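Asker: So you can see what is in the structure, the chains are spelled out below.
Number of protein chains: 2
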Amino acid sequence: MGKGNVLVGQSGGPTAVINSSLAGVFKTAMERGYNKVYGMRYGIQGFLDEQYIDMADYVKNELDIELLKRTPSAFLGTCRYKLPEIHEDRAVYERIFELLDKLDIEVFVYIGGNDSMDTIRKLFDYSLLTGAKQKFVGCPKTIDNDLAITDHTPGFGSAAKYIATSTKEVICDALGFSYKKKNVIIIEIMGRNAGWLTGASALSKGEDCEGPDLVYLPEVPFSVEQFTDSVKEKLEQKDVVVAVVSEGIRTAEGKYICEFTAGSETKDAFGHIQMTGTAAYLSEVIHREIGCKTRAVELSTLQRAAAHLSSKIDVDEAFNVGGATVKAADEGNSGVMVVIDRISDDPYMSSTGVYDVHRIANGEKVVPREWINEAGDYVSEEFLDYVRPLIQGHYSPMMVAGLPRHLTMDSKNYDWINNKNIQ
Amino acid sequence: MGKGNVLVGQSGGPTAVINSSLAGVFKTAMERGYNKVYGMRYGIQGFLDEQYIDMADYVKNELDIELLKRTPSAFLGTCRYKLPEIHEDRAVYERIFELLDKLDIEVFVYIGGNDSMDTIRKLFDYSLLTGAKQKFVGCPKTIDNDLAITDHTPGFGSAAKYIATSTKEVICDALGFSYKKKNVIIIEIMGRNAGWLTGASALSKGEDCEGPDLVYLPEVPFSVEQFTDSVKEKLEQKDVVVAVVSEGIRTAEGKYICEFTAGSETKDAFGHIQMTGTAAYLSEVIHREIGCKTRAVELSTLQRAAAHLSSKIDVDEAFNVGGATVKAADEGNSGVMVVIDRISDDPYMSSTGVYDVHRIANGEKVVPREWINEAGDYVSEEFLDYVRPLIQGHYSPMMVAGLPRHLTMDSKNYDWINNKNIQ
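In order, the protein sequence lines correspond to chains A and B. Counting in the working numbering, the first sequence runs from 320 upward without gaps. Counting in the working numbering, the second sequence runs from 320 upward without gaps.
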């Protein structure tokens, strides 16, 4: 008797390479003789509404696989949906396993971060309770790099490369205008609790760029007064000062800097309390305290979506990790997450491993304090040595008419009733 | 007797390709037998302080020329400095021409936008008054594409390519999260009076992307109420609505949208009136009126500095236009700007021409009303056909250690007194 089917879903915030993992799942499943690969639309949330596709309707050849590897965001759609505890609501689990049986699913792969690994853990636990035969495997993904056990997460390297490149370009731009005037640039980077991405901005430092002058991670308490003093001090030595801050920096009392304007009763045109961004707030402080020109730059969703500048290491690892999930299940593993083990830094080598998902779920890996300098305003050489290999190499986008081509699902051409592409 | 020297400067806002024009000036000057090419530091402002370099100290070989073509911002530094009228202050002109004589300058090239062409005009006029022999030639540059006579300006194509790519990636990212919830994204683009760049976001529309739903240029009066109604209407048809707005949109009465919160007495934490960005303001309006999730995305200085995604057409044209300035001067022209003439759209072909700078200076070219739809919320096919050729082709960055390498001047290693590189 042949093998059954694989079900794969994407969950949580998108990255530039989450679809590369999807491509890896699909390709390895086909190579290992599974019958079909179904994709959940919008993760477990859409799946509960019986929204799924047959991947083969969309990924028809090797070119499609290469396009998928270069397409940002979640091809299948994503969700933020937390499964209840099993004892709280068994009905949801019964519904899911009923659908799994209906679709003859043997392998369930979920690509995501901490919350998604929690989903894998719960589904696996439920399968133990009921003796269900499906294998549940987690595929790590997050730009934040805050998953435990794995050396790093797919998605981090490409975001780090985009952030380092953009920081370099913003610094270059600011220097052009620096004659006889002072200028302070504050760049805000994603990562509420973990400063991996913020620290990666310092990779811009090199022979052709001084890099940022100050880098503030959320791991260290932030003082607005100390920040202002540090900027003043830097401005005595140079005309352009660039500070990079995490969106999640907060005071020793635990108050987020981005909440500050709200605290001082700033209201918008409608009387709402306004959540001014961290960089925007600090830029205003510097302008008031020092009087020089300032500019706040937010990289926004671009830092997780800029597939046009993804790292080759990252795209390839995401693909391999996706494939490794199917391999792990095929070899009998369940309730596990695939992790990346670093074998060496230079030359960089890595392999995949498999870990019990119970050891991973809901843990959060932050930057070790010893990888941040004593003053708490820069990262160490050890930090940079850790990140540097992950931004190497370039996956050329497939340019069509001057723009990167993506593989996307045109849901209007899809017949949900019969689960068939209409085209 | 051999030829004298060339002096070149950069002025106004930087672009991703302004250094490609600088490379073109340098290379053509060397090929045409000029002795030296001096570069003004920080435009005419730095030059008045005798800040200049010998380009040969920094651009030593063909690799440096290629690096310079890929380096964003102004290699020499730039300024915003308006020369007085000749009758107002002759002393400034006497000082400039004294320095030109001292450095044996035969050709003066200024790379910039409208204001810089005004500088060329004034210096040329002064040379007519005094019989000075130097040739003054303008080299067009601006991401805003608002210079008259020339078909388009170097710098525009690369910014347009970056904006279209980023718009596509932001849309892709937003679609991933669209299950059972509405989401409105508002992207803000540079260009205070001319909507060329804002309109270029619509190039993202194609087989794999629906593009933005609404595009607002500063050429058409903007109504916040009409905007809100249009977003509501779109949200009835789809879950994710993306609007792209120029930073310069204003009401029929001429009030900038970004001034709105100030007008309604929004104050920041320090009691300052706050200039909230256009997208941030509109995002707040939509959140209040419709209640759905919204996000404001500003591309900030990245749109003029993202050399890693520059257009090949643009980099090559910038280089050629730079070379054409020296050629024009060498053939006896002065008081002129080099322009780009479009010969055909498809296949795209262009050539350079030379125009009297008096016809160009201080003019501003905006998007013709007939290239914007009647409702004033999208650009026409004619607009897109005009822009599309300019974003074609890709100049691969020279990647070193995973990041684009730039050619930059390390001013600390420069001896200003003897105008010599110390290294």
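Keep in mind the hints are simulated off the structure, nothing from the lab. Worth double-checking, as some hints may not be accurate.
The list treats identical chains as one, so a pair stands whether inside a single copy or across any two.
Unchecked claim - Straight line, CA to CA, 30 Å or less: simulated DSS-like cross-link-like pairs of lysine-lysine:
hint, residue 1, residue 2
1, 322, 574
2, 551, 500
3, 452, 574
4, 401, 501
5, 379, 499
6, 631, 401
7, 401, 355
8, 322, 452
9, 499, 612
Quick caveat, the model's predicted, so the values are computed rather than measured.
Asker: For every hint, state whether the structure bears it out.
Answerer: So, going through the hints one by one against the coordinates:
| no. | hint | in the structure |
| --- | --- | --- |
| 1 | 322 / 574 | neither (53 Å within a copy, 66 Å between copies) |
| 2 | 551 / 500 | within (14 Å within a copy, 45 Å between copies) |
| 3 | 452 / 574 | neither (47 Å within a copy, 66 Å between copies) |
| 4 | 401 / 501 | between (48 Å within a copy, 20 Å between copies) |
| 5 | 379 / 499 | between (59 Å within a copy, 29 Å between copies) |
| 6 | 631 / 401 | neither (32 Å within a copy, 47 Å between copies) |
| 7 | 401 / 355 | within (27 Å within a copy, 68 Å between copies) |
| 8 | 322 / 452 | within (13 Å within a copy, 85 Å between copies) |
| 9 | 499 / 612 | within (12 Å within a copy, 43 Å between copies) |
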